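Undergrad: Sequence:
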Amino acid sequence: MNEEIDISGKKVMVIDDSKTIRRTAESLLKKAGCEVFTANDGFEALSVIADSNPDIIFVDIMMPRLDGYQTCALIKHNSEFKKTPVIMLSSKDGLFDRARGRIVGSEEYLTKPFTKDELLGAIRKHVVKAA
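In full-length UniProt numbering, the protein residues as written are 1 to 131.
Read the hints as simulated data drawn from the structure, not as lab findings.
The structure displayed is predicted, hence computed values, not measured ones.
Misleading hints may appear alongside valid ones.
List of simulated lysine-lysine pairs, DSS-like, C-alpha gap at most 30 Å [what the hints assert, rightly or not]:
hint: 1; residue 1: LYS112; residue 2: LYS11
hint: 2; residue 1: LYS83; residue 2: LYS11
hint: 3; residue 1: LYS83; residue 2: LYS10
hint: 4; residue 1: LYS92; residue 2: LYS125
Hey, can you work out the whole structure from these sequences and the hints?
TA: Right, here's the structure in full:
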């Protein structure tokens, strides 16, 4: 039933220092009709987020300069974006990492490599139901 929810036209931000992850996510999301914005670290992401006002943000935890937790906390502390869902991406699947993601305000935690269904499912769950 979840497959039926249309996510085309949704603005999705993908923040990851891995070009492969960014390209993979961008490709999957564009096929689903989403408008995709990418950044390779938290600093770059913050200006893109301010310009693009995404519906949902996927952020890698392990990044140089500003990690995913710091990036998420900054997004959530901004009154304009505090309601924007933030999904953490990580190759680590630890309880501590998940808990820390919750503390800084993330809505969900996906373990890399994520599947197309996980990626699109998170958008359907957090963006479409909220609309």
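Undergrad: Among the hints numbered above, which are violated by the structure, and what are their numbers in rising order?
TA: none
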